[in-house]
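Could you put together the complete structure from these sequences and hints?
As given, the protein sequences belong to chains A and B, one line each in that order.
So in our numbering the end of the first sequence lands on 148, straight run, no missing numbers.
So in our numbering the end of the second sequence lands on 594, straight run, no missing numbers.
Source of the hints: derived by calculation from the structure; they are not laboratory data.
Computed from a predicted model, the values in this text were never measured in an experiment.
Errors might be hidden in some of the hints.
[Claimed, not checked] Quick list of in silico lysine to aspartate or glutamate cross-link-like pairs, EDC-like style, CA-CA up to 20 Å:
(1) B:Lys424 x B:Glu261
(2) A:Lys71 x B:Glu575
(3) B:Lys517 x A:Glu38
(4) B:Lys333 x B:Glu261
(5) A:Lys71 x B:Asp580
[Said to hold, decoys possible] Every beta carbon over 10 Å from chain A, so not counted as near; a handful from chain B, in silico:
(6) Gly190
(7) Asn380
(8) Val427
(9) Ala473
(10) Ser514
(11) Ala557
The C-beta atom is built at its ideal place from N, Cα and C for all residues, glycine as well.
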Amino acid sequence: MIQYRKLMMTTTSTICEDDLIQAITAFFSKNGYRVRHEVPNMGQSIDLAATKNRWITAVEAKLHDWTRGLKQCKAHELVADYICIAVATQNISDRLRDQALLNGYGIIRWDNRKSVCQWIERPKRNEKVWLAQRRQFSRNLRGIEYVE
Amino acid sequence: MSSNHWMMFSTFAEQRHFVYPTRDTYHGIILNANMAAHAPDGIARFILTKTYQQRYIIDPMTHAFQHDPRHITDSEGTVKRSIMKMAQEYGELITNNLGKRPLLPSMLKDEGECKDFVESCLNFQKSHISQRIETSEDAKYINFDEQDGTAPKPFALIAPYFYMKEATASLWLDINVKLAELTVKQKEDIPIFGMLVLSQGILLNNTLVNKIVEKFKSISLDGFLIWIDDLNEALAEESHLKGLISLGRKLRAISGSKQVINLHGGYFSVLATSEKLSVSALSGVCHGPEFGEYRAVIPVGGGIPIARYYIPLLHQRIRYREAAAILNEMGFLQDARTFHDKVCECPECRNTIDNNPDNFTLFGESNVKLVKRGSGLARMEYPTPRTKLRCLQHYLERKRIEYEFASTASIEQLKGDLNSGCEQFKEIIGLDQVSHLETWQQCLGD
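Okay, here's the thing in structure tokens:
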């Protein structure tokens with residue numbers, strides 16, 4: 001019960017993960033990115049892949065279990081230039097912030113009350129891209145339609 | 149050929165892997181009785197055309213009847229055909245409640261019924277496949293004279309057995325011992341093995357292990373098969389692994405240092421077969437074609453297939469995406485020479501890499517398919533058949549190398565290899581992910 005209350009206090013409870021993804025999609029689209037959803041990557045799926053020129057940004061959207069989101073982000077390091085985790089919590093926990101900073105991941109927060117998306121931390125350029133895998137990923141990416 | 153290397157047969161689609169890398173890689177094969185009952189002609193043909201030079205053992209799988217019947221029935225409650233055929237071979241004791249009630253120790257009290265059960269179980273193992281071999285079309289190409297003019301018989305017959313955990317050992321142990329005694333009484337020319345299927349908890353209970361060993365000591369068994377429920381050696385605690393070593397050594401002692409084969413073991417078990425250890429704990433270890441290094445007694449469902457690459461120095465199959473990330477970060481994917489020097493130079497890797505380290509992606513190549521998930525469709529990746537084959541052949545090449553290495557290398561070399569994996573990889577993947585190598589060294593040192 002205590003855990004549930006805590007959750008209610010810290011998350012924007014009326015939002016589901018799809019809503020969060022739609023909000024993040026609009027956020028990137030507005031900034032000139034082309035966005036695809038559910039992009040397969042080595043047996044996993046990237047919630048949202050935003051491309052601009054030759055740069056690829058991978059975003060994992062998480063309403064609750066951001067630690068799992070961070071693990072998923074790890075798998076995208078071979079293919080994405082920038083990696084972000086998107087959350088809809090009122091507050092960003094210190095642990096999430098520390099872990100994201102440590103790994104160079106960005107944090108995007110969606111505030112459902114104000115209907116605003118904002119950068120909490122901007123991602124650093126990921127230096128671990130392996131070009132051979134990136135080419136494979138780009139081929140997969142081309143087969144997926146953009147989201148408007 | 150390494151005399152410690154056994155392979156588990158699972159499906160006919162895997163037949164060709166039993167002659168890979170070479171026809172003589174495996175000392176023997178282990179077949180499940182339900183497969184043997186369901187498709188005896190296919191199994192006979194498999195033995196004649198693929199593994200004629202190897203030994204074979206049929207696991208009677210009698211433990212299948214002691215669990216919740218849901219595990220042996222389909223969604224409509226009908227007993228699976230292969231299990232039904234196997235049960236029919238074993239007689240009324242098994243078929244009476246098949247698919248309705250689990251077999252309980254109280255149902256195995258009657259000496260006469262147990263004797264019939266044992267006899268049926270042994271006859272099945274002894275003749276079901278060998279008779280089909282004799283009458284098989286392919287038999288005309290085989291010279292049976294090399295084997296006393298008869299078709300190849302099992303290397304050993306397995307006494308019927310049931311799974312024991314700490315809470316149930318007091319109920320099943322005496323049954324298992326009685327069944328083994330009755331089996332030995334019927335011994336003719338084929339060796340008789342006992343089979344111990346135990347929970348991990350039993351390994352930590354020295355008193356119980358001693359009791360089990362003591363009970364089996366009085367029976368003149370020629371060897372043992374052992375199976376520890378779901379014991380993943382890479383994740384297991386030191387105490388469990390020491391328990392496994394201790395059990396193996398005790399069983400070898402009572403069977404006159406003869407055969408003790410771990411039915412589902414990984415590289416740690418392979419190391420435990422080394423003759424260079426003060427007392428080797430196992431004589432052989434079995435695995436399947438890329439599965440079966442550990443297995444739960446009560447089967448669990450599969451999941452989406454995923455490509456895994458066996459990293460030799462970690463002695464583990466790792467998800468392709470993780471393997472690629474690790475090897476890339478370590479700089480092993482810079483050029484082909486570095487890859488072969490630092491990771492693997494087996495024929496499959498040489499062939500796949502083909503002087504271009506970018507070709508490592510071929511170990512993870514997949515097709516994207518749309519699958520139903522929840523209310524919508526999701527894109528999922530499935531490894532291509534060629535990817536699966538590459539990963540499997542690399543795995544089998546490495547397994548052959550590992551078994552040979554464990555048979556021939558000195559203790560210092562074996563430990564040096566483990567230490568090297570630990571030292572090289574800990575900086576990248578952390579101590580937790582390499583600690584099994586340290587644990588294995590500790591366990592073998594005692």
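Next item on the list: Would you check the hint for B:Lys517 and A:Glu38, treating anything up to 20 Å between C-alpha atoms as holding?
Entry: With a Cα-Cα distance of about 12 Å, the restraint between B:Lys517 and A:Glu38 holds, given a limit of 20 Å.
Next item on the list: Measure nothing beyond the straight line between the CA atoms of A:Lys71 and B:Glu575; if it is 20 Å or shorter, mark the hint as holding.
Entry: 18 Å, holds
Next item on the list: Run the C-beta distances from B:Ala473 to all of chain A and say if the shortest one exceeds 10 Å.
Entry: 6 Å, violated
Notebook entry, point to check: Is the Cα-Cα distance between A:Lys71 and B:Asp580 20 Å or less?
Noted result: Given pair A:Lys71, B:Asp580 holds - Cα atoms ~16 Å apart, limit 20 Å.
Check: Hey, B:Lys424 versus B:Glu261, does the alpha-carbon distance stay inside 20 Å?
Finding: 45 Å, violated
Note to self: A cut-off of 10 Å on Cβ-Cβ distance, and B:Val427 was said to be off the interface with chain A. Does that hold?
What the structure shows: About 42 Å separates B:Val427 from the closest Cβ of chain A, which puts it past 10 Å; holds.
Notebook entry, point to check: Is the Cβ of B:Ser514 farther than 10 Å from every Cβ of chain A?
Noted result: 7 Å, violated
Next item on the list: Could you let me know if the closest chain A CB is still more than 10 Å away from the CB of B:Gly190?
Entry: Since the minimum Cβ distance to chain A is about 33 Å, B:Gly190 lies beyond 10 Å and the statement holds.
Note to self: The output says B:Ala557 does not contact chain A. Does that hold with a beta carbon cutoff of 10 Å?
What the structure shows: It holds; B:Ala557 is separated from chain A by about 34 Å at its closest Cβ, greater than 10 Å.
Notebook entry, point to check: Are B:Lys333 and B:Glu261 close enough, with their CA atoms no more than 20 Å apart?
Noted result: Distance ~15 Å between B:Lys333 and B:Glu261 Cα, so the pair holds.
Check: Is the Cβ of B:Asn380 more than 10 Å away from each Cβ in chain A?
Finding: Label holds. Min Cβ-Cβ 20 Å, cutoff 10 Å.
When the structure is compared with the earlier hints, violations turn up for hints 1, 9 and 10 and for no others.
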